[in-house]
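A.B. asks: As a plain string of letters, each chain reads:
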Amino acid sequence: MSQSLLEQIQELEQSVKEKLKNIADLNDLDKLRVDILGKKGSLTAILRGLGKATPEERKATGQAANAFKDRLETDIADTKIRLEEEWYQSLAERDWYDAERLPPVLEPGRRHPLTTTQREIEELFTSMGFSILDGPEVEADFYNFGALNFTDDHPARDMQDTFWTKTGRLLRTHTSSIQVRGMENLKPPFRVIAPGRVYRYEELDASHEHTFYQVEGMMVDTEINIGHLIFMMKTLLREVLGRETEVRLRPGYFPFVEPGFELDMKCLLCGGKGCAVCKQSGWVEVLPCGLVHPNVLRAGGLNPDEWQGFAFGLGLNRLIMMRHGIEDIRHFQSGNLRFLRQF
Amino acid sequence: MKLSLNWLNDYVDLTGKDPAEIALRLTMTCCEVDETIQQFAHLSSVLVGKVVAKKPHPDADKLSVCEVDLGKRTEQIVCGAPNVDAGQLVPVAPVGCVLPGDFKIKKTKIRGVESHGMICSEAELEFSAEAEGIMVLDPERGFEIGRALVNWFPRQDTIFDIDNKSITHRPDLWSHFGFARELAAIYDLPLKKEPGLPEEGWKLLEEIQTDGVREINIDIRRESARAYCGLVVTNLPPAGTLKSPAWLTDRLEAVGAKPINLLVDLSNYVMFDIGQPNHAFDANTIEKEIVVDFCDQEIDFTTLDGNKRQIPQQSVMIYDGEKPVALGGIMGGAETEISDDTVELFLESANFNRRDIRRTLPRLGGLRTDAAIRFEKGLAPENAARAIFRFVELLRQVVPEIKAGRLVEKIASDPFAGKDLFITIKPDYLRARLGEDLPDDKLRVILEKLHFEVETKKDGWQVRVPWFRRHYDVEVPIDLVEEVGRSYGYDHISGKPPVAPVEPPRQPNQIKKWRDETVDLFSDRYGYTEVCLYSFCVEAEARAGLNDWPAGKKAKPIPREPVELANPTHQEQAFMRTSLVPGLARAAVLNEERFDEFRLFELGRVYSYTGMETPDAKIRKPFLSDPVFGRTEDHREEFQLGAIHVPRRRGDHREANFRASLEARSVVEDYLRQLGLNQYSTRHESERPWYHGGLAVAYEVKGQVVAYVGLVHPRLQKELGLKRDAIITQMNLSALWQLAPSAIQRWKWYQPPSVFPSVHFEFTIVVKDGQSSGPIRDIVADLKFSELTRLELVDEYRGEPLAGDEQALSFRVEFSSRDQTLTPERIQAMQDAIVAALEKAGYPLRS
Numbered sequence: 021m022s023q024s025l026l027e028q029i030q031e032l033e034q035s036v037k038e039k040l041k042n043i044a045d046l047n048d049l050d051k052l053r054v055d056i057l058g059k060k061g062s063l064t065a066i067l068r069g070l071g072k073a074t075p076e077e078r079k080a081t082g083q084a085a086n087a088f089k090d091r092l093e094t095d096i097a098d099t100k101i102r103l104e105e106e107w108y109q110s111l112a113e114r115d116w117y118d119a120e121r122l123p124p125v126l127e128p129g130r131r132h133p134l135t136t137t138q139r140e141i142e143e144l145f146t147s148m149g150f151s152i153l154d155g156p157e158v159e160a161d162f163y164n165f166g167a168l169n170f171t172d173d174h175p176a177r178d179m180q181d182t183f184w185t186k187t188g189r190l191l192r193t194h195t196s197s198i199q200v201r202g203m204e205n206l207k208p209p210f211r212v213i214a215p216g217r218v219y220r221y222e223e224l225d226a227s228h229e230h231t232f233y234q235v236e237g238m239m240v241d242t243e244i245n246i247g248h249l250i251f252m253m254k255t256l257l258r259e260v261l262g263r264e265t266e267v268r269l270r271p272g273y274f275p276f277v278e279p280g281f282e283l284d285m286k287c288l289l290c291g292g293k294g295c296a297v298c299k300q301s302g303w304v305e306v307l308p309c310g311l312v313h314p315n316v317l318r319a320g321g322l323n324p325d326e327w328q329g330f331a332f333g334l335g336l337n338r339l340i341m342m343r344h345g346i347e348d349i350r351h352f353q354s355g356n357l358r359f360l361r362q363f
Numbered sequence: 002m003k004l005s006l007n008w009l010n011d012y013v014d015l016t017g018k019d020p021a022e023i024a025l026r027l028t029m030t031c032c033e034v035d036e037t038i039q040q041f042a043h044l045s046s047v048l049v050g051k052v053v054a055k056k057p058h059p060d061a062d063k064l065s066v067c068e069v070d071l072g073k074r075t076e077q078i079v080c081g082a083p084n085v086d087a088g089q090l091v092p093v094a095p096v097g098c099v100l101p102g103d104f105k106i107k108k109t110k111i112r113g114v115e116s117h118g119m120i121c122s123e124a125e126l127e128f129s130a131e132a133e134g135i136m137v138l139d140p141e142r143g144f145e146i147g148r149a150l151v152n153w154f155p156r157q158d159t160i161f162d163i164d165n166k167s168i169t170h171r172p173d174l175w176s177h178f179g180f181a182r183e184l185a186a187i188y189d190l191p192l193k194k195e196p197g198l199p200e201e202g203w204k205l206l207e208e209i210q211t212d213g214v215r216e217i218n219i220d221i222r223r224e225s226a227r228a229y230c231g232l233v234v235t236n237l238p239p240a241g242t243l244k245s246p247a248w249l250t251d252r253l254e255a256v257g258a259k260p261i262n263l264l265v266d267l268s269n270y271v272m273f274d275i276g277q278p279n280h281a282f283d284a285n286t287i288e289k290e291i292v293v294d295f296c297d298q299e300i301d302f303t304t305l306d307g308n309k310r311q312i313p314q315q316s317v318m319i320y321d322g323e324k325p326v327a328l329g330g331i332m333g334g335a336e337t338e339i340s341d342d343t344v345e346l347f348l349e350s351a352n353f354n355r356r357d358i359r360r361t362l363p364r365l366g367g368l369r370t371d372a373a374i375r376f377e378k379g380l381a382p383e384n385a386a387r388a389i390f391r392f393v394e395l396l397r398q399v400v401p402e403i404k405a406g407r408l409v410e411k412i413a414s415d416p417f418a419g420k421d422l423f424i425t426i427k428p429d430y431l432r433a434r435l436g437e438d439l440p441d442d443k444l445r446v447i448l449e450k451l452h453f454e455v456e457t458k459k460d461g462w463q464v465r466v467p468w469f470r471r472h473y474d475v476e477v478p479i480d481l482v483e484e485v486g487r488s489y490g491y492d493h494i495s496g497k498p499p500v501a502p503v504e505p506p507r508q509p510n511q512i513k514k515w516r517d518e519t520v521d522l523f524s525d526r527y528g529y530t531e532v533c534l535y536s537f538c539v540e541a542e543a544r545a546g547l548n549d550w551p552a553g554k555k556a557k558p559i560p561r562e563p564v565e566l567a568n569p570t571h572q573e574q575a576f577m578r579t580s581l582v583p584g585l586a587r588a589a590v591l592n593e594e595r596f597d598e599f600r601l602f603e604l605g606r607v608y609s610y611t612g613m614e615t616p617d618a619k620i621r622k623p624f625l626s627d628p629v630f631g632r633t634e635d636h637r638e639e640f641q642l643g644a645i646h647v648p649r650r651r652g653d654h655r656e657a658n659f660r661a662s663l664e665a666r667s668v669v670e671d672y673l674r675q676l677g678l679n680q681y682s683t684r685h686e687s688e689r690p691w692y693h694g695g696l697a698v699a700y701e702v703k704g705q706v707v708a709y710v711g712l713v714h715p716r717l718q719k720e721l722g723l724k725r726d727a728i729i730t731q732m733n734l735s736a737l738w739q740l741a742p743s744a745i746q747r748w749k750w751y752q753p754p755s756v757f758p759s760v761h762f763e764f765t766i767v768v769k770d771g772q773s774s775g776p777i778r779d780i781v782a783d784l785k786f787s788e789l790t791r792l793e794l795v796d797e798y799r800g801e802p803l804a805g806d807e808q809a810l811s812f813r814v815e816f817s818s819r820d821q822t823l824t825p826e827r828i829q830a831m832q833d834a835i836v837a838a839l840e841k842a843g844y845p846l847r848s
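Line order of the protein sequences matches chains A and B. Everything in the first sequence is counted per this note's numbering, starting at 21 for the first residue and increasing by one. Everything in the second sequence is counted per this note's numbering, starting at 2 for the first residue and increasing by one.
Heads up, a few of these hints could be off.
[Unchecked claim] DSSO-like cross-link-like pairs, simulated, lysine-lysine; straight-line CA separation at most 27 angstroms:
#1 B:Lys166 x A:Lys293
#2 B:Lys309 x B:Lys289
#3 B:Lys18 x A:Lys293
#4 B:Lys18 x A:Lys254
#5 B:Lys420 x A:Lys293
#6 B:Lys3 x A:Lys293
#7 B:Lys244 x B:Lys105
#8 A:Lys254 x B:Lys166
#9 B:Lys18 x A:Lys299
#10 B:Lys193 x B:Lys450
#11 A:Lys299 x B:Lys3
#12 A:Lys59 x A:Lys41
#13 B:Lys73 x B:Lys107
#14 B:Lys289 x B:Lys3
#15 B:Lys497 x B:Lys194
#16 A:Lys39 x A:Lys72
#17 B:Lys514 x B:Lys749
#18 B:Lys18 x B:Lys63
#19 A:Lys286 x B:Lys166
#20 A:Lys207 x B:Lys166
#21 A:Lys207 x B:Lys514
#22 B:Lys18 x A:Lys286
#23 B:Lys3 x A:Lys286
#24 B:Lys514 x A:Lys186
#25 A:Lys299 x B:Lys166
#26 B:Lys513 x A:Lys254
#27 A:Lys286 x B:Lys497
#28 B:Lys204 x B:Lys404
#29 B:Lys497 x A:Lys207
#30 B:Lys703 x B:Lys749
No wet-lab data here; the hints were simulated from the structure. Note that the coordinates shown come from a computational prediction; the quantities given were computed from them, not determined experimentally.
Taking the hints into account, I'd like the entire structure generated from these sequences.
C.D. replies: Structure below.
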C-alpha cells in the first residue's frame, strides 16, 4: 500500500527542513515556497488525494497539513529575516562603490557684496519707515548741482570732478541728485533712502574709483535737528557693522547742507594706525551729512520756515571695505571671481 | 594750502601747543588738515664745529681726516670734501643725529680710519638743492662752537597742509592771518595784531607820499571788477639789486613758494599773509591808464610764466589803454613784469566777481594760480587796499627811502556799500536746530569769539556779520547754527531718535522688488554669480548694442543714439554702454584661464539718447514704479540682465556648447514663467552681433523681443581675446517688467491637487541635421488642448538604424484634467490630432 497522506506530509516536511537550512538566496526561498504551497506545489499535490480518503483520515490529514503550513510559513519568514540580514551584512562587499571619491566642489551662484550690503541698509531703513527711491544716473545739471545750492559760479562745482556727456548732461556725482526729485514727488513729511551708482572723473588707484556706490538718505519733517542726524548715523553704522564703532563728527563742507558734517569712522583695516585705505590718517570718511540747506528745500518746493530735514550720503564701497577688510576699491567692478567667490 | 606755524605765531601766540593737537582742533572745528610736517628738525642736533686739524687719509687720496672741536669734546671725522680746511667753522652732524631722508649718523670706519660724525654740505642740511663741498660758516655771524645750528638758522617750522576743498566756502581762510583769526577763536586767545589795517596804512602812505610821483588813472568798465586800487612806488634801486631778506625767503620756501626777487616775493608774501592777491607792474611799461574790461573776442596774450595763451572771449583783462597787460585775477603779463632794471613799480590790488574768474578758468586749461583759486571763492573787496598797505609796509622795512604817489581806489560795485549785514535770530532757533540745550550766554560767547556782534532786540538777537565773513559765507540764520555747532563741537551733541509716525514705508518700490527677486533667482536658483561692471565702453560696442532690442511690430520705433562722454578718462571708456554683453565677455576673459566652468550675470542699466523733447523740464514722472528712467525725457536708462556661461573644458565642445545653451534657455523660460509670462515664442537668430549665427535664439512675448540665448560670436571672441566658447543670455528687463502682469509673487493662489489620474503619451520624431525641432512645441501648443499639461523632450538618439545625419527625438505629452477622468476616446482624439498636425508640418512619427 502506498504511503498515507499523513506520511507524505511528514516526509515533505523533513525534506523542506533540510532545504531551508541550506537555502542562501531570497529568490530560492520564494521559489521553495511556491514549490510547496503554490497551486502546483507539492503540498497541493498531496492534498489532492484527500478526495479518496475517509472522513477521519481527511480530518487528520487536514489538521496535519494546516499545522505544517503554519510551521512552514514561520520557518520561511525566519529564513527570510536571516537571509535579508546576511544580505545587508554583505552589502559592503557585494555592492561596493568608491564612496570616498573626491566630490565636485559645489559652486553656488553668489550675490555681489554691494548688493548684499545695500540690501541690509535698505532693510534697516525700511524697518524704520523709510521709502526707497531711485533715479537716473545720466542726470541734468539742475538735480545734481543747480537745485543743490551749487550756483553757476560756485567753486564747489570743482570739488566733484564731473563726467559730462556730449548731449549736455552729466553723470551724477552723488546720489544727492535724488533729494530734489524726491521732494518734487513726495508730500512732506517723508523719509527716504536712495541707493545707486555714481561717477567721478578720477584716475583709478587703490582708494579711488570713477564708478562707485552711495546710499542717499533724507528725512523731512517739521522738527529735525543735528541730534537726530547723529542718532541715525550712529544707528546706521552700528547695524551695518554689527558693533559699536569709534566715530567722530567734524565740520565738512557741501553746499546742499548747512551745517555740513563728515562722519569719520576709525579705520578697521589698520585699527587707526594709518594705511593706504585711510590715507595714513587712521580715520575713514564714510558719511558726509548735514541739515538740508534752506535753498535746497526751496528748490524742492518746500517752505524752509515750515520744513527741515537732514540728509546723508553713505559711501557704500568704503563701508564694505571696512566691513570685510578689502584693501583695494578696484576689486568691486573687476568681475574677478577670485574676489566674488569670497562673498 | 600750506600754513607755517611760525607765521601764524606772528598773529596769535600758539607757542607751547602740540602741532598734532592744533591739527586735530582745526579738523574738528574748521577744516581738514591733510598732513602736519616738521621742517628742519635736524637743525637742533647739528652742531657748530671747528676744524682744528686736517691730515690726509693714509689710504685714500680724496679723503681727509679732521679733528673737529665740538665744544665739550673733539671728534675725529673723515671728510671727502676738497674744500674742508683747518680753522673753518663747519656744521657737524654728530653720531646719533638724523639728517633729512631719515639718514642716521653712525660711528663708522672709512678705509680703516674711524669717523665719529659728518661735516655737512648745504644740500645735506636742506638749505639748498645741491652743493659742492661742505658748508663753511661765516665767522662774522658769531657762531659759538658746540651749539646747535638752529640758533643761527631759525628755520624750524611746522607746516599744516590744509585740504583746499574743505575751505571752499571760507574765502576768509585763504591766508595765515585768516587762520590765525580762526585759531584765536578756537583757543580763545587774543590776536596780537592785524596786518594791513587801513588806519595804519593811510598813515604810512602819507609819510612816503611825494608830490610829482606819477598817478595812474584806473577805469573799471562794465563792472568787470568790484574794486581796483593802484599806487606808484618810486625811488627804488634797480630791482635786480634788491635781495629778499632771509626771513622772507625762508617763509616763502616754508609754504612751498619759490623766491624770485624782492618785489615778486613781497607780492606773494602779502597774498599768503592776508589772502589778497596783488601784482607789481614795472610802472615804466604802463604808458596810459589802467582799464579793466572784458575782452570782446579771443586774444593772444603772453603771461608772465612765458606762455603764449589764447585768452577766451569775456575774460577780465587789464589794459594799459588798449594794450592788454594782465589777465585779471589770474596772472600778470610778461611785457609788464618786474625786471632787473625796474626802478618804479605800479602796485595793484583788486577784487573781481568770482563768476568772471570761474568762467575763464576752465577754458584756460588748468591755469589755477594762487590768485585765481582765491578770487574764485569770492574775496571780500575790503581787503584790496589792505594788500597795498601791507606791501608798502614790508617794502619800506627793506628799502626805507621809497616814495609813492597817491593811492587810487576805484570801487565799481560793492554788495554791502558801507552797510552792515545783520541776521536776526532767536536763541531758541539755534537750540532747536542743534538739538542741544545751550544757554543764551554760551551761544553769545561763541558767536562773539568768532567776531559776530550780538545785540538783543525785542524780537530776538540781531547778529552783525563781520566784514570778512559776509561774502558767500555767513548769509542766513542756518549759517549761524553751523558757526555755533562747530565751535561747541559736534561730538558733544548727543544723538536722539527723531519722532515720526509708526507706519511702513509710504512708497512701495516695485522696481526694487523686481530687482531683488531677479538677483535672487539668478544667484540662488540658477547658480550664476553676480558681477557689477563699468558703465563705459568703446563706440563700436555702444553702436552695436543700440540695436539689441528692435521695436515690436506694432510699436513705434524710438530713435536712439549712444551717449558719448565729453571728457572720458580714457578713449576706451568714451561711451555709455548700450548692452551688458561686452562687459560680461571681458569679465569672462579675466576668469577663463583660472576657472574650468563658471557662470556670471549682471543686472544693470544701459543708456541711450532719444533726442525726445522733454515736455516740461519741471514735470518728471515718478521714478518709483516705472522700469524705464526718462520715459518722457531725452535720455533713457533701462534695466537689462546679461549672463555668460563658460562650460567645462572637457569633451566634445560642440556638444558642450549645445547643452549649455539648452540650460540657459531653461533659465530664461523659468524666469518668464516666474513673471507670469507663459506665452512666448522662439526664433532662430542668425545675424545678431554678439551671437554665433548657428546657435542663437530670440524669445518674443506679445510680438516683442525680450531675451536672447546663444553662443558667443567668434568676432567678439577675437576682439576681446576670449579664448573659450561661452553661452550668452540677454534679457530686456525693462520690457519684461512692463509686460509682466505683476511682480514675481512669493505666494500664488492655491489649486487643490487633481485627484484624477494623468495620462502619458510618447512619440518619436526623426529630424535631419539642419532641420529645426523648435516648431514641434508650437505645433503642439497651437492645438490648444486645455488637458495638455506638459510637453517634454525625454530622449535623444543617434546611430543605427538611423542615417548618419539623423536624430530621433522622443517627446512625452501629459494629459490631465482637474475635473474628471479623461475618457479613452478623448485621449485618442488628442493623440491623433497631435500626430496629424506634426505630419502635416513635416514631422512624421517614426514608424
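A.B. asks: So, for every hint listed, does it hold in this structure?
C.D. replies: Quick rundown of the hints versus the structure:
For the given pair, Lys166 of chain B sits about 25 angstroms from Lys293 of chain A by alpha-carbon distance, which is consistent with the 27 angstroms threshold. A threshold of 27 angstroms between alpha carbons decides the hint, and for Lys309 of chain B with Lys289 of chain B the separation of about 24 angstroms falls inside it, so the pair holds. For a cut-off of 27 angstroms, the pair hint linking Lys18 of chain B to Lys293 of chain A stands: about 23 angstroms separates their Cα positions. A threshold of 27 angstroms between alpha carbons decides the hint, and for Lys18 of chain B with Lys254 of chain A the separation of about 32 angstroms lies outside it, so the pair is violated.
Distance hint between Lys420 of chain B and Lys293 of chain A is unfulfilled; the C-alpha atoms sit about 51 angstroms from each other, more than 27 angstroms. For the proposed pair Lys3 of chain B and Lys293 of chain A, the alpha carbon gap of about 24 angstroms is at most 27 angstroms, so the pair holds. A C-alpha spacing of about 35 angstroms is found between Lys244 of chain B and Lys105 of chain B, which places the hinted pair above 27 angstroms, so the restraint is violated. For a cut-off of 27 angstroms, the pair hint linking Lys254 of chain A to Lys166 of chain B stands: about 25 angstroms separates their Cα positions.
Proximity of Lys18 of chain B to Lys299 of chain A is assessed by CA-CA distance (about 25 angstroms); at most 27 angstroms being required, the pair is judged to hold. Between Lys193 of chain B and Lys450 of chain B, the direct Cα distance comes to roughly 15 angstroms. Compliance with the 27 angstroms bound is thereby established for this hinted pair. For the given pair, Lys299 of chain A sits about 18 angstroms from Lys3 of chain B by alpha-carbon distance, which is consistent with the 27 angstroms threshold. Note on Lys59 of chain A and Lys41 of chain A: the hinted pairing holds, with a Cα-Cα distance of about 24 angstroms set against a maximum of 27 angstroms.
For the suggested pair Lys73 of chain B and Lys107 of chain B, the alpha carbons sit about 19 angstroms apart, so the restraint of at most 27 angstroms is met. As the CA atoms of Lys289 of chain B and Lys3 of chain B are separated by approximately 38 angstroms, the hinted pair breaks the 27 angstroms bound. For the proposed pair Lys497 of chain B and Lys194 of chain B, the alpha carbon gap of about 43 angstroms is over 27 angstroms, so the pair is violated. Distance restraint check for Lys39 of chain A and Lys72 of chain A: the Cα-Cα separation of roughly 30 angstroms exceeds the 27 angstroms cut-off, and the hinted pair is therefore not satisfied.
For the proposed pair Lys514 of chain B and Lys749 of chain B, the alpha carbon gap of about 16 angstroms is at most 27 angstroms, so the pair holds. The straight-line distance between the Cα atoms of Lys18 of chain B and Lys63 of chain B is roughly 47 angstroms, outside the 27 angstroms bound, and the hint therefore fails. For the hint pairing Lys286 of chain A with Lys166 of chain B, the CA-to-CA distance comes to about 22 angstroms; that is within 27 angstroms, so the pair holds. Taking the CA atoms of Lys207 of chain A and Lys166 of chain B, the gap is about 35 angstroms. The hint is violated against a cut of 27 angstroms.
Between Lys207 of chain A and Lys514 of chain B the CA atoms are separated by roughly 23 angstroms; this keeps the pair inside 27 angstroms, and the hint holds. Among the hinted pairs, Lys18 of chain B with Lys286 of chain A is consistent with the structure: their alpha-carbon atoms are about 25 angstroms apart, no more than 27 angstroms. Taken as a hint, the Lys3 of chain B and Lys286 of chain A pair is honoured in the structure, with Cα atoms around 26 angstroms apart against an allowance of 27 angstroms. Of the pairs offered as hints, the one joining Lys514 of chain B and Lys186 of chain A is violated, with about 34 angstroms between alpha carbons and a cut-off of 27 angstroms exceeded.
Taken as a hint, the Lys299 of chain A and Lys166 of chain B pair is honoured in the structure, with Cα atoms around 16 angstroms apart against an allowance of 27 angstroms. For the hint linking Lys513 of chain B to Lys254 of chain A, the alpha-carbon distance of about 26 angstroms falls within 27 angstroms, and the restraint holds. A hinted pair counts as satisfied when its Cα atoms are at most 27 angstroms apart, and Lys286 of chain A with Lys497 of chain B qualifies at roughly 22 angstroms. Between the alpha carbons of Lys204 of chain B and Lys404 of chain B the distance comes to roughly 14 angstroms, so the proposed pair stays at or under 27 angstroms and holds.
With a C-alpha separation of about 24 angstroms, the suggested pair Lys497 of chain B and Lys207 of chain A falls inside the 27 angstroms cut-off, and the hint holds. Pair hint Lys703 of chain B plus Lys749 of chain B holds up; C-alpha atoms about 23 angstroms apart against a cutoff of 27 angstroms.
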